[in-house]
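Modelling step: build the complete structure from the supplied sequences, incorporating the hints.
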Amino acid sequence: MKKLFNKLRLKWFVATNTLRYSSDYLDQTYKIYLNHNKVIHFRDGYPVYSLSTPALYSKPQANFFARQFYKMITNKNTPNLMSFAVTDECNADCEHCSFFDKVDKIKGKTLTLLQSQKLIKDAQELGVSVINFTGGEPLMRKDLSEIISVVDKDLSTTLLFTNGWFLSEMARDLKKAGLDSVFVSIDSADPEKHDAFRGTEGLFAKAMEGINSAKSTGLSTGICCCMTPEALKEGEFKKIIELGKKIGVHEVLFYDAVPTGRYKQRKDLIGSTDWIEEMIESAKVYNNDSRYPGILIYPYTTSYRSVGCSCGVNYLYVTPYGDVCPCDFNHVIFGNILETPLYKIWDKMTSLDDFRSAKWGECKLKDPEWQNKTTVSSEFRAYK
Numbered sequence: 016m017k018k019l020f021n022k023l024r025l026k027w028f029v030a031t032n033t034l035r036y037s038s039d040y041l042d043q044t045y046k047i048y049l050n051h052n053k054v055i056h057f058r059d060g061y062p063v064y065s066l067s068t069p070a071l072y073s074k075p076q077a078n079f080f081a082r083q084f085y086k087m088i089t090n091k092n093t094p095n096l097m098s099f100a101v102t103d104e105c106n107a108d109c110e111h112c113s114f115f116d117k118v119d120k121i122k123g124k125t126l127t128l129l130q131s132q133k134l135i136k137d138a139q140e141l142g143v144s145v146i147n148f149t150g151g152e153p154l155m156r157k158d159l160s161e162i163i164s165v166v167d168k169d170l171s172t173t174l175l176f177t178n179g180w181f182l183s184e185m186a187r188d189l190k191k192a193g194l195d196s197v198f199v200s201i202d203s204a205d206p207e208k209h210d211a212f213r214g215t216e217g218l219f220a221k222a223m224e225g226i227n228s229a230k231s232t233g234l235s236t237g238i239c240c241c242m243t244p245e246a247l248k249e250g251e252f253k254k255i256i257e258l259g260k261k262i263g264v265h266e267v268l269f270y271d272a273v274p275t276g277r278y279k280q281r282k283d284l285i286g287s288t289d290w291i292e293e294m295i296e297s298a299k300v301y302n303n304d305s306r307y308p309g310i311l312i313y314p315y316t317t318s319y320r321s322v323g324c325s326c327g328v329n330y331l332y333v334t335p336y337g338d339v340c341p342c343d344f345n346h347v348i349f350g351n352i353l354e355t356p357l358y359k360i361w362d363k364m365t366s367l368d369d370f371r372s373a374k375w376g377e378c379k380l381k382d383p384e385w386q387n388k389t390t391v392s393s394e395f396r397a398y399k
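Throughout, our numbering is defined as the position within the sequence shown, counted from one, plus 15.
Watch out, some of these pointers could steer you wrong.
Derived DEER-like restraints, expressed as beta-carbon distance ranges [stated by the list, open to error]:
1. 289 - 26: 49 to 59 Å
2. 161 - 40: 34 to 44 Å
3. 39 - 88: 22 to 32 Å
4. 81 - 359: 14 to 24 Å
Pairs of lysine-lysine, BS3-like flavour, derived with a Cα cap of 25 Å [to be verified]:
5. 253 - 230
6. 136 - 190
7. 208 - 190
8. 230 - 168
9. 374 - 359
10. 208 - 248
11. 359 - 133
12. 157 - 230
The hints are simulated quantities; they were obtained by calculation from the structure and are not laboratory data.
This one's a predicted model, so the numbers in the text were calculated from it and none came from an experiment.
Each residue gets a CB set at the ideal place from its N, CA and C atoms; glycine is no exception.
In structure tokens:
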């Protein structure tokens, strides 16, 4: 009798506590990953905690968790996120560009529409649940909507990074093609400073128009910023957050400047952490205030507090020419999808000790030990 009573009591406990426990579990999961646990947007009825993650209870989120389960079974890394640079063309001339500079810009043959669509299919078969579209300026690719439309939305959420120049007139078509979210780059809350930093007069105003259009279509919309130590000292961090609140974006994403691209000679960024810790600590106030958008500090996610530097561990980057690298900023080439199947390139990369598990503490490019393992050519980095 006691055994039966205990079973009934357990079932009643589960029935009355599962919902609360599930909510607590989700809150804690997002707080660890994002440094906050507030819903920033409801997109198509699904709650969104960050533009960089699938919406809660969506099919892409189910795919993400299923892949994590099989990752444990196979003890083999699979990618959660792919960034695909769809073009090397850009209408801006940014000071910090991580893709190229005028002296040694790499020119190759951009992947065709069919090759791009095959890449997406192969990436989804490999396990990707988040697909970022970048460039160059991705909106300069005329068939971008056709590329986005091939994404199986039951498996992956889609996110666009743009400077915003062409966004106003294209937002509706992008949403129709299946785009979920968009980040517009804003590097200063002052229009003149932003335009000067990006070498394009009028870009700030066009970006604001694009943000309004994106929001009106139902896209999860954010602004992203590459923060430097000097910009932080000038107060840009707080000014950009206040701008985000004023224009009603859902998230503000801050990247920390890294020594790559046009900043590859900035050795002062290597091993520098005090200013980053200042950003992480300052973000807590805004994340605890429902009046503000979600504030995501990228170096927080690469720290010991969250997932660590996951480039090449659960994250890959594909250039416009089909070269596969660990991430947008870490330009070590491990193969080309036109020559080798994507899964084989991934297997090669993740078989190396440096990519078996996430590096806690900071971005690999800011690690002096990692710098010693790579050589810098006039093109991309080569792994020793």
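Hint by hint, here is what the structure shows:
Checking the proposed 49 to 59 Å range against residue 289 and residue 26 shows it holds: the Cβ atoms sit about 53 Å from each other. For the pair residue 161 and residue 40, the beta carbons lie near 39 Å from each other, so the given range of 34 to 44 Å is met. For residue 39 paired with residue 88, a C-beta distance near 26 Å keeps the hint of 22 to 32 Å intact. Restraint check, residue 81 to residue 359: a C-beta distance of roughly 23 Å satisfies the suggested window 14 to 24 Å.
For the given pair, residue 253 sits about 22 Å from residue 230 by alpha-carbon distance, which is consistent with the 25 Å threshold. With a C-alpha separation of about 20 Å, the suggested pair residue 136 and residue 190 falls inside the 25 Å cut-off, and the hint holds. Taking the CA atoms of residue 208 and residue 190, the gap is about 30 Å. The hint is violated against a cut of 25 Å. Restraint check for residue 230 and residue 168: the C-alpha separation of about 20 Å stays at or below 25 Å, so the hint holds.
For the given pair, residue 374 sits about 23 Å from residue 359 by alpha-carbon distance, which is consistent with the 25 Å threshold. Taking the CA atoms of residue 208 and residue 248, the gap is near 15 Å; set against the 25 Å cutoff, the hint holds. With a C-alpha separation of about 15 Å, the suggested pair residue 359 and residue 133 falls inside the 25 Å cut-off, and the hint holds. For the proposed pair residue 157 and residue 230, the alpha carbon gap of about 22 Å is at most 25 Å, so the pair holds.
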